[in-house]
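Participant: Top line first, the protein sequences correspond to chains A and B.
Using my numbering, you'd call the opening residue of the first sequence number 133 and step up by one each time.
Using my numbering, you'd call the opening residue of the second sequence number 46 and step up by one each time.
What the hints contain is simulated information worked out from the structure, not anything from laboratory work.
No experiment lies behind these values; they were computed from the predicted model shown.
Glycine is no exception: its CB is placed at the ideal position from the N, C-alpha and C atoms.
Check the hints yourself; a few may be wrong.
Covered by chain A, according to a simulated footprint, are these stretches of chain B (three or more residues, beta-carbon under 8 Å) [as the list claims (entries may be wrong)]:
# : segment
1 : 58-65
2 : 325-338
Result set (DSSO-like, lysine-lysine): computed pairs, CA atoms no more than 27 Å apart in a straight line [as the list claims (entries may be wrong)]:
# : chain 1 : residue 1 : chain 2 : residue 2
3 : B       : Lys284    : A       : Lys164
4 : B       : Lys369    : B       : Lys407
5 : B       : Lys369    : A       : Lys136
6 : A       : Lys162    : B       : Lys284
Over the 12 Å line for every Cβ pair with chain B, so calculated as not near, a few chain A residues [to be verified]:
#  : residue
7  : Val140
8  : Ser150
9  : Glu156
10 : Glu158
11 : Ala183
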Amino acid sequence: METKRDEVPNWDSFAYVSFIVAVEMEFGMKFKVADVESFQNVGAIVQRISALLPTRSQ
Amino acid sequence: MLDWLPIPQDFRGCLRQALESPADRLGKLAAISQHRLGFLETIQLDRAIGTVCAEAAPGFSVVRLAILASATVDHLVPPIRVSGLRRRLLIDVYVGPYGQYRQQLLDPESPLHQLRPQIVLLSLTMREAIAAVPLTTTAAEVEAAISRSIDELRMLWRKARETFHATVIQQTFLNIADPLFGSYERLVAGAPAQLIARLNDRLTQAAAEDGVLLLDVARASERDGLDVWFDVARWLQAKMEIAPQAAVVYGDLLVRVIAAQRGLSKKCLVLDLDNTLWSGVIGDDGPEGIILGEGTGAGEAHLALQRYAKQLRERGVILAICSKNDPAAAEAVFRDHPEMLLKRSDFAAFVANWEDKAVNLKRIAEQLNIGIDSLVFVDDNPTERARIRQALPMVAVPELPADAAHYVRCIADAGYFESVAFTVDDSQRAAQYSANASRGALLESSQSMDDFLRGLEMSVIFGSFQTVDLTRVAQLIGKTNQFSTTTRRHSLEDVARFAADDRCLTLQFRLVDRFGDNGLVSVMILFPDPQSTDLLEIDTWVMSCRVFGRQLEREAMNIAVETARRMGVQAFRADYIPTAKNGVVSELYPALGFTRVQEDALRDGVTRWFLPLSDYVPQSTHIARRSDQHDGSRHSEPVDADSPRPSVGRCYRADNGDQAR
Chain A
133 METKRDEVPN
143 WDSFAYVSFI
153 VAVEMEFGMK
163 FKVADVESFQ
173 NVGAIVQRIS
183 ALLPTRSQ
Chain B
46 MLDWLPIPQD
56 FRGCLRQALE
66 SPADRLGKLA
76 AISQHRLGFL
86 ETIQLDRAIG
96 TVCAEAAPGF
106 SVVRLAILAS
116 ATVDHLVPPI
126 RVSGLRRRLL
136 IDVYVGPYGQ
146 YRQQLLDPES
156 PLHQLRPQIV
166 LLSLTMREAI
176 AAVPLTTTAA
186 EVEAAISRSI
196 DELRMLWRKA
206 RETFHATVIQ
216 QTFLNIADPL
226 FGSYERLVAG
236 APAQLIARLN
246 DRLTQAAAED
256 GVLLLDVARA
266 SERDGLDVWF
276 DVARWLQAKM
286 EIAPQAAVVY
296 GDLLVRVIAA
306 QRGLSKKCLV
316 LDLDNTLWSG
326 VIGDDGPEGI
336 ILGEGTGAGE
346 AHLALQRYAK
356 QLRERGVILA
366 ICSKNDPAAA
376 EAVFRDHPEM
386 LLKRSDFAAF
396 VANWEDKAVN
406 LKRIAEQLNI
416 GIDSLVFVDD
426 NPTERARIRQ
436 ALPMVAVPEL
446 PADAAHYVRC
456 IADAGYFESV
466 AFTVDDSQRA
476 AQYSANASRG
486 ALLESSQSMD
496 DFLRGLEMSV
506 IFGSFQTVDL
516 TRVAQLIGKT
526 NQFSTTTRRH
536 SLEDVARFAA
546 DDRCLTLQFR
556 LVDRFGDNGL
566 VSVMILFPDP
576 QSTDLLEIDT
586 WVMSCRVFGR
596 QLEREAMNIA
606 VETARRMGVQ
616 AFRADYIPTA
626 KNGVVSELYP
636 ALGFTRVQED
646 ALRDGVTRWF
656 LPLSDYVPQS
666 THIARRSDQH
676 DGSRHSEPVD
686 ADSPRPSVGR
696 CYRADNGDQA
706 R
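Could you build the full structure based on these sequences and the hints that come with them?
Facilitator: Structure, rendered in C-alpha cells:
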C-alpha cells in the first residue's frame, strides 16, 4: 500500500497509464485526470477506487 | 467490440495450458486469438506470443511493420500482434520514436532503415497534419492549406516506397475537433471540424492516386462513436489518440488491410437456409409458412441479408449454400418463392443434404477450387457453428446475434472481405464461378477431357502489362497461393517498375470461352540474368485456380518462348519454391520440358529448372489466340496510359468498359 511509483523497477509514465487503464477497465469506473496525477502510492489509488465504487449491497 | 467472435470459455485456463505445452504453442495461442478478447486479455495473450520463437512456426508468416506516429501507439501493438495471430501472421512491429516520423524516414542512419519494413503505417494526429486556420479563412485558402499538408504526406509516402519498397498505409484523421457552430459547421470552411473533414476527403483522393492504402479510423469512429475511439483523459495523460478500449478493433482493422494485401481475405460466403436466409423451416413450414420479404419486420430482416449477399456477389464474393435440407424443397424455394431476392444462379455451389456440414464445406471448397480457409460460414444454429469451429478452425464462422435484424451488421463488422482494390474483373468474378458450374456440367456430358476442352472454344488474349492492367496484375500476384511458382509478392509499385523496364518480359493472359470471359487469369514476370543477356529467369508465374486444367499453362509457355525468342533470348531458368499450398505446380516445369539443375545452394525443397529455347517443342492445346496481327510482347513500349495501344488490348478493354457501364 505504501509502494510509490519510483520504487518499482522499469516504471515509467506509459506503464503508469497502462496500469490506470487496467484498473478502470477492471472496476468499470473512471478517475479524474487530476486524481491520476496526484496519487502518491498504491494506498491512495485503493482509497479512490473505494470512494468511486457504488456501495456493495449485502 | 469484436462482436463477431465467440466469447472465450476460460481464457486464463486456455492460456495457461498453451504456455505449459511446448508443442504447437503458437497453434494453441492462435486458437485463443479467435475469441472476443478485451484489451487486458489481449495484452496477456500478446505476452504469451512473445515466448514463441518466430522461426519455429510452420504455417505462420512473418510481416515487418513500422509504425510512424505523432501520438502514443505502444498500447496498440499487442492488439496488432494478436489480430495478426488470428490470421496466422506474426507481425514484427517497430514503433518509431514519438513524433519523429520525418526524421525516421529521411535519415538513412535511423533504426527504421535497419529494419527494412514491408509495411509502413503513418498514424498521424490532425494537429500534426494541419495547423488551425482563422475562422474567416476563405474556402480557397483552406484548400490551399490542405494542399500543402497533402503534399508533405505524399513526400513521406514516396520516401517510404523508394527507400523500402514498402506498402504504405495512411491512417485517416480522427476528427476530434469539438464543434463551434453545430449543424452549420459544414458551411464554415475554416472551422476545425470542417477542416479535418476536407483533409480526409483530399487524403482519400491523394491515396487513391498514389496507390497508398488507407486505415480508415475516421469511418470506424463514426461506426462506434467518437467516445469509444477518443478518450480525452488518455490524450492528456499519455498522448494516446486512439483510446485503449478501441485498441482491439484498431488492431483488427489494420491487420485486415495487411491480410488483404497478402491475399488472405475471405473469398466465399457460405449461407445456411432455414432461419438464416428466411425465418422458419422449409421442410416443416412449407413455402407458405416461411417468413420472408416485404411487409413484416422479421421478413425484411432476412431480405436485408439476401440483399447484402447479393451486393457482396457484385463485389466479387462467391456465394454458396450449405444446408441440412431436402435438396428438392430447398431448390423449390429459389424457384418458386416470390419474395426470394437471391436466385439459384447467384450461387456457385449449392449443397443441401443431411450430411455433416464440415464434410459439405470441404466439398464446396473443392468444387470451387479455393482454399477451405477462404470460406465464411453463416449459420444461425450455434451447434453447427461450434461443429465447424472445432472441425475446421480455418473457416471463419461469425457469431450471429440472436436477432436476425442484426445479421448483416455482424457480417459487415467482421470485415472478412476486406479489399485493397476493386476492378471490373472483381465485379464479374462471382458470375465466372457460376459459369464454372456450367462448365462442370459440360464436362459431365463430354465423352473425354479432350472433347470437353475442344467444346469450350477457348481463346487467349495476351500482352505485356499495360497501365490499366497493373492493379489487377498486382492483385492476382498478391492473392494467388496455389498456381504460384515462387509466391513472391510484388506490390503495385514493383509491378509498375517491371512493366516500364525494357529488360523485363512481362506477360498477362486472359482466357475467354463459350461460357464467358474469365478475365485476367495468369501473369508471368521474367527478369534478365545479371550475368547473361541470353538468359531470362521466370521470377513469378501465377494463374487463377478458376482456369486450372484448361491447358492455359501450356499455351502461356508457348507464348513466352516465342516472345523471348524474338527478344534474342536463348534460355529460361525457373525456380519452384514450395509452400503449404502450391503443390499443384511442383511438377509444372518438367511437364513443360524443363530439365532440373542441381545446385547445392538451393534449400528448403526449392528446385531449379532450365530450358534452352532451341529445344522447346511447342505444347499442343485447344486454346486459340484471339489476335494474329500483334505478337503480344510489346515489351519495349513505354507504359503510358495516353500512348496508343495496339488493338489487341484496346479492343478487349473497350468490351470491358461497355460492360462496366
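Participant: Decide, hint by hint, whether the structure agrees.
Facilitator: Now the hints, each set against the structure:
For the segment 58-65 of chain B, the assignment as covered by chain A is violated, since 0 residues bring a beta-carbon within under 8 Å of that chain's beta-carbons and 3 are needed. Counting residues of the segment 325-338 of chain B whose CB lies closer than 8 Å to any CB of chain A gives 0, which falls below the minimum of 3, so the coverage claim is violated. Between lysine 284 (chain B) and lysine 164 (chain A) the alpha-carbon distance is near 16 Å, which keeps this suggested pair within the 27 Å criterion. With a C-alpha separation of about 15 Å, the suggested pair lysine 369 (chain B) and lysine 407 (chain B) falls inside the 27 Å cut-off, and the hint holds.
Among the hinted pairs, lysine 369 (chain B) with lysine 136 (chain A) is inconsistent with the structure: their alpha-carbon atoms are about 63 Å apart, more than 27 Å. Taking the CA atoms of lysine 162 (chain A) and lysine 284 (chain B), the gap is near 17 Å; set against the 27 Å cutoff, the hint holds. Every CB of chain B lies more than 12 Å from the CB of valine 140 (chain A), the least distance being 17 Å, so the non-interface label holds. Its beta-carbon lying about 7 Å from the closest one in chain B, serine 150 (chain A) breaks the requirement of being farther than 12 Å from that chain.
Not every beta carbon of chain B lies more than 12 Å from that of glutamate 156 (chain A), the smallest distance being close to 9 Å; the non-interface claim is violated. Non-interface call for glutamate 158 (chain A) relative to chain B: violated, since the shortest CB-CB distance, roughly 7 Å, does not exceed 12 Å. Distance to chain B confirms alanine 183 (chain A) as a non-interface residue, since its nearest Cβ pair spans about 18 Å, more than 12 Å.
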